[in-house]
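J.: Listed below are the residues making up each chain.
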Amino acid sequence: MTTFSNQSLMRNKYYNWIIKNLFSSWVNSLMTVVAIIFIYEVGTFFLNWAFFAADFRTNFQGELITDRSFCSKNIMPGEYGACWAIIYARWDQFMYGFYPIEEVWRVNFVYALLPLAIIGILFDKLPFRKYFIYFTFIYPFLAYFMLYGGPGLSVVGTNKWGGLLVTLFLGVTGIGLAFPLSIILALGRRSKMPIVKSLCVVFIEFIRGVPLITLLFTANVMLPLFLPDGVNPDNLLRALVAVTLFQSAYMAEAIRGGLQAIPRGQIEAAQSLGLNYWQTTRKIILPQALKIAIPPIVNTCIGLFKDTSLVLIIGLFDLLGIGRAALADMTWTKLYYEVYVFISLVFFIFCFGMSRYSLYLEKKLKTDNS
Amino acid sequence: MTKIKSLFISLLLTLGVSSAIAGSHGSTLDLVKERGKLMCGSNTGLAGFGAPNDAGVWEGIDVDVCRAVAAAVFGDASKVEYVPTTSKVRFTVLQSGEIDMLSRNTTWTLSRDVDLGLEFVGVNYYDGQGFMVPASLGVNSAMELDGASVCIQVGTTTEMNLADFFKANGMSYESVPVETNSEADAAYTAGRCDVYTTDASGLYASRAGYPDPSAHVVLPEIVSKEPLGPAVRHGDSEWADIVRWSLNAMIIGEELGITSGNVDEMMSSNNPEVLRLLGAEPGYGAMLGLSDDWAANILSQVGNYSESFEKHIGPNTPINIQRGLNALYKDGGILYAPPFR
Amino acid sequence: MQTNFLRKIIFDEKSRSLLIQTLVIGLFALFIYLIAQQTAYNLEKRGISSGFDFLNLSAGYDISIRLIPFTSEDTHFRAYFVGLLNTLMIAVCGCFLATIIGFLVGVIRLSSNWLFRNIAYVYVEFTRNVPVLLQIILYYSILLHLPKIKQAIEIFDGFFLTNRGFFSPSPIFKEGFSLVLWSFLIAIIASILIKKILKKKQEQTGQQYPIFLINSALIIFTPILVYYIMGRPLEFDAPVLKGFNFKGGMVIRPEFLGMLFGLSIYTAAFISETVRSGIIAVSKGQREASQALGLKNNLVMRLIVIPQALRVIIPPLTSQYLNLTKNSSLGIAIGYADLVHGFGGISLNQTGRAIEIMLMVMLTYLTISLTISLFMNIYNKSVQFKGNA
Numbered sequence: 001m002t003t004f005s006n007q008s009l010m011r012n013k014y015y016n017w018i019i020k021n022l023f024s025s026w027v028n029s030l031m032t033v034v035a036i037i038f039i040y041e042v043g044t045f046f047l048n049w050a051f052f053a054a055d056f057r058t059n060f061q062g063e064l065i066t067d068r069s070f071c072s073k074n075i076m077p078g079e080y081g082a083c084w085a086i087i088y089a090r091w092d093q094f095m096y097g098f099y100p101i102e103e104v105w106r107v108n109f110v111y112a113l114l115p116l117a118i119i120g121i122l123f124d125k126l127p128f129r130k131y132f133i134y135f136t137f138i139y140p141f142l143a144y145f146m147l148y149g150g151p152g153l154s155v156v157g158t159n160k161w162g163g164l165l166v167t168l169f170l171g172v173t174g175i176g177l178a179f180p181l182s183i184i185l186a187l188g189r190r191s192k193m194p195i196v197k198s199l200c201v202v203f204i205e206f207i208r209g210v211p212l213i214t215l216l217f218t219a220n221v222m223l224p225l226f227l228p229d230g231v232n233p234d235n236l237l238r239a240l241v242a243v244t245l246f247q248s249a250y251m252a253e254a255i256r257g258g259l260q261a262i263p264r265g266q267i268e269a270a271q272s273l274g275l276n277y278w279q280t281t282r283k284i285i286l287p288q289a290l291k292i293a294i295p296p297i298v299n300t301c302i303g304l305f306k307d308t309s310l311v312l313i314i315g316l317f318d319l320l321g322i323g324r325a326a327l328a329d330m331t332w333t334k335l336y337y338e339v340y341v342f343i344s345l346v347f348f349i350f351c352f353g354m355s356r357y358s359l360y361l362e363k364k365l366k367t368d369n370s
Numbered sequence: 001m002t003k004i005k006s007l008f009i010s011l012l013l014t015l016g017v018s019s020a021i022a023g024s025h026g027s028t029l030d031l032v033k034e035r036g037k038l039m040c041g042s043n044t045g046l047a048g049f050g051a052p053n054d055a056g057v058w059e060g061i062d063v064d065v066c067r068a069v070a071a072a073v074f075g076d077a078s079k080v081e082y083v084p085t086t087s088k089v090r091f092t093v094l095q096s097g098e099i100d101m102l103s104r105n106t107t108w109t110l111s112r113d114v115d116l117g118l119e120f121v122g123v124n125y126y127d128g129q130g131f132m133v134p135a136s137l138g139v140n141s142a143m144e145l146d147g148a149s150v151c152i153q154v155g156t157t158t159e160m161n162l163a164d165f166f167k168a169n170g171m172s173y174e175s176v177p178v179e180t181n182s183e184a185d186a187a188y189t190a191g192r193c194d195v196y197t198t199d200a201s202g203l204y205a206s207r208a209g210y211p212d213p214s215a216h217v218v219l220p221e222i223v224s225k226e227p228l229g230p231a232v233r234h235g236d237s238e239w240a241d242i243v244r245w246s247l248n249a250m251i252i253g254e255e256l257g258i259t260s261g262n263v264d265e266m267m268s269s270n271n272p273e274v275l276r277l278l279g280a281e282p283g284y285g286a287m288l289g290l291s292d293d294w295a296a297n298i299l300s301q302v303g304n305y306s307e308s309f310e311k312h313i314g315p316n317t318p319i320n321i322q323r324g325l326n327a328l329y330k331d332g333g334i335l336y337a338p339p340f341r
Numbered sequence: 001m002q003t004n005f006l007r008k009i010i011f012d013e014k015s016r017s018l019l020i021q022t023l024v025i026g027l028f029a030l031f032i033y034l035i036a037q038q039t040a041y042n043l044e045k046r047g048i049s050s051g052f053d054f055l056n057l058s059a060g061y062d063i064s065i066r067l068i069p070f071t072s073e074d075t076h077f078r079a080y081f082v083g084l085l086n087t088l089m090i091a092v093c094g095c096f097l098a099t100i101i102g103f104l105v106g107v108i109r110l111s112s113n114w115l116f117r118n119i120a121y122v123y124v125e126f127t128r129n130v131p132v133l134l135q136i137i138l139y140y141s142i143l144l145h146l147p148k149i150k151q152a153i154e155i156f157d158g159f160f161l162t163n164r165g166f167f168s169p170s171p172i173f174k175e176g177f178s179l180v181l182w183s184f185l186i187a188i189i190a191s192i193l194i195k196k197i198l199k200k201k202q203e204q205t206g207q208q209y210p211i212f213l214i215n216s217a218l219i220i221f222t223p224i225l226v227y228y229i230m231g232r233p234l235e236f237d238a239p240v241l242k243g244f245n246f247k248g249g250m251v252i253r254p255e256f257l258g259m260l261f262g263l264s265i266y267t268a269a270f271i272s273e274t275v276r277s278g279i280i281a282v283s284k285g286q287r288e289a290s291q292a293l294g295l296k297n298n299l300v301m302r303l304i305v306i307p308q309a310l311r312v313i314i315p316p317l318t319s320q321y322l323n324l325t326k327n328s329s330l331g332i333a334i335g336y337a338d339l340v341h342g343f344g345g346i347s348l349n350q351t352g353r354a355i356e357i358m359l360m361v362m363l364t365y366l367t368i369s370l371t372i373s374l375f376m377n378i379y380n381k382s383v384q385f386k387g388n389a
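Protein chains in written order, with my numbering: chain A, 1 to 370; chain B, 1 to 341; chain C, 1 to 389.
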């Protein structure tokens, strides 16, 4: 008897859900039908194109695809979908750029350690978090040594870096270097000293007022004109300078939002305890402000990560640049959708991951505070 | 704490200045020697002129000029690092000292020579701007192109010549400006434009890469003078001399019949100019600040002009360009090097 | 005496702040001075000319996508304006389209239909997590694979779709057409007056009038009436395939469309999120209260929810407009001749005046950005204070 009523209750629950969300009125029902047709059409088209009618490494005759003329869709037009062989053929370039093949293990090593370096910042209840944070600080230098080379390792110039390596390098390093800078800018903008304040305001508003591409051009074309003869940072580092300055302005605004959310009483209380400005800032204000500011900071990071694709315009080969180079090669030309869909997917995975993390933090902040 | 700080600072410095050139105020030759390799600005990839082959080794007639200079300076033509440059950044890269010379199908013009702080040292390919159209259009002359859409690569003299040519002939056109050679290829093959215009050599190189080269024709009209040659920074005449005479050595080598195969035999030639060139009669290398066998190294490792031409862009290559203007003055062309004495 | 002085500097807040500021400005000035000096030295040594005299030289190149006439004989300064107008054109069109798509998607995200809601969600997540540059390039590639000019698709009579753009007939205004425009203007003014009068009446008598219907009829039918009275003073010039291209008519180039789609589809995803959160921010109580007053659903939306939601929506909307304007500088990737591509690219290359040109381009964007924020702040204030308790 009880089981029966439970079942019917369950059934009722699903039934109610369906009625409420899909068929609550005749307009709603019509929308449901339209949506189902839309999903079916788009879904089957995409799945067919990307999987069922697609070539991976071999075509429908079982031949290994070595150039685009082997793609099934080029042999039997209209019958077949994507030709993913271009991704296989250029996989190393997408991941490492033109990094010498016998040294690629160094990049893999750096990739493998990246999660360890980040995890300490992401989760504050991690066991042994202190050691992970230490590692976070060591990681950039270790990574740079591994990638660029030095004593014991052969030097691999940054002009050989490319693909995901450049995208991640610019993204991670840009964010890492911008962070301390942005704290200074945010504190400066809220400073009581008019000159310091106005300098910070002008810098932040200037950077936020111009497109990143003009900053990249400036760094790329004009930095050499500003510097003495001997100092001549290479292309990647010039781009890094532009990206860092850009990111620091946006991050500073996010941190300023956090600073504004700290009640004035906190500062007064700290001062009445005899703490000076730096002590108050470092021990009382910043820890709280940064905690509040993390979600918007992560959002600026997502923005920056996507914006690293702009460096292709100044001739660097990031993920998108490598993709365009692959398309420029006459053996693979015209496989636009395969390349662009693949690159979109890579960006999507990173950015979606970051945005989920930021949502998780926001939820956590809300529950922590209430 | 201070230790960590100083470590941090020194690491930052190495990061920032890792590619800095040491010894900033010396002459370019000293700089190059000290560095142990020549930094040479090349095209980002133009088949036959400057492009990496399957093994990643740069090849082409522009690249051969860089190799010649390296052979002259180091006695080893392989001591070159190539810096691929787009047409947009090539001059600033040279001005800023990132590269020692630019050898990348660059047209010698007055304003570039004078206003941009460059110095062109010679011509390694006499080119001219041409037009390529699909054969299916049935166009036989550039005069029939009224109303066409034209793909051009920006940042070059091409767009100015194009504007002048259509204006002079009272024709109209739609310009489709793109950033690189490969984008122009893509737009042209997609049918976004009817005509692709750039230096004729570039058209031949692009066409060689198309799936069906015979479906495209290069029209007979050449609408501009495009003397392409290597350039160096203004203000270091000694270095300019070295690059200039490295190129001349290749041309004179062809004139005198010296090839990479017969350098050793020619050492005992009766022709005094051959002996001067190959350093059998000493003193000429020292004038340039080089060793006496500098030209012999160029000719044995890189070869003479004709060898370079035939190997990379001649009729037996996919690019298939006739010598034409680029033949020696004796053979009906305008290639002419000053005497070696 | 001296110890006193030191003590004062270290412990007195005012003098300490003065000292720090002096230091900061000194360092800043030194920094600027060193860079300026080094730059001047480098320019001199490398023999690079500088100055703004190049602006009066003739540009020597043509720009096909333009709003004002431009030939290769015009100056670089005019090329600057052509580029600026192209930037503004794509920014305005992009913001317009992005707002429409964004509001639509934002409302769909709150739809009672689960499937619609989630289709919109998937759209938002996919477009905003992929770089806008990639999207611009992708849409442009799709446009390039439309039929070639000889196989143009004729959508309607005189409307053609090709990979060289979307061709449509262009209107030719004949004598008397200005009257139609004037009547349109007069109809709009009249409708505003009518609205005021009827509103007053409604306040006095409580009777509702179909203001919207009356006014739409007035605005639509008056010009049409005048148009027929004047003997239809408008003709269309249809594009005809002649030689290489279509002659006559109007054309929207694929470079423009690629930019437009890329920018607006990307930005719309962000706008839809701000719209959604804006609508959610209007509390349920407000909605229920107005429903209890007997207002119809669409009136609840128009009179209660939207005005309140706008207060929340406008600040983030402003920053999305700003982002779109700045992202419009990516035209260089597909050959759209905006400020960065035309003036900042081609002119820069031909004159070699990198510093001067980049400075002009940056200041222009800065001015556009500041102007947008200024206007949006003014509008924002007007929305915020109205009816605020």
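Bear in mind the hints are in silico, worked out from the structure with no lab data behind them.
Any given hint could be a false lead.
No farther apart than 30 angstroms at their CA atoms in a straight line, the calculated lysine-lysine pairs in the BS3-like style are these [stated by the list, open to error]: (1) K296/C - K20/A; (2) K73/A - K296/C; (3) K363/A - K291/A.
To give an idea of the interface, some chain C residues facing chain A are shown, with a C-beta separation under 10 angstroms as derived from the structure [stated by the list, open to error]: (4) L43; (5) N118; (6) I378.
Don't be surprised by glycine CBs; every beta carbon is placed ideally from N, CA and C.
J.: Checked against the structure, which of the hints given earlier come out wrong?
T.: Of the numbered hints given earlier, those the structure breaks are 2, 6, listed in rising order.
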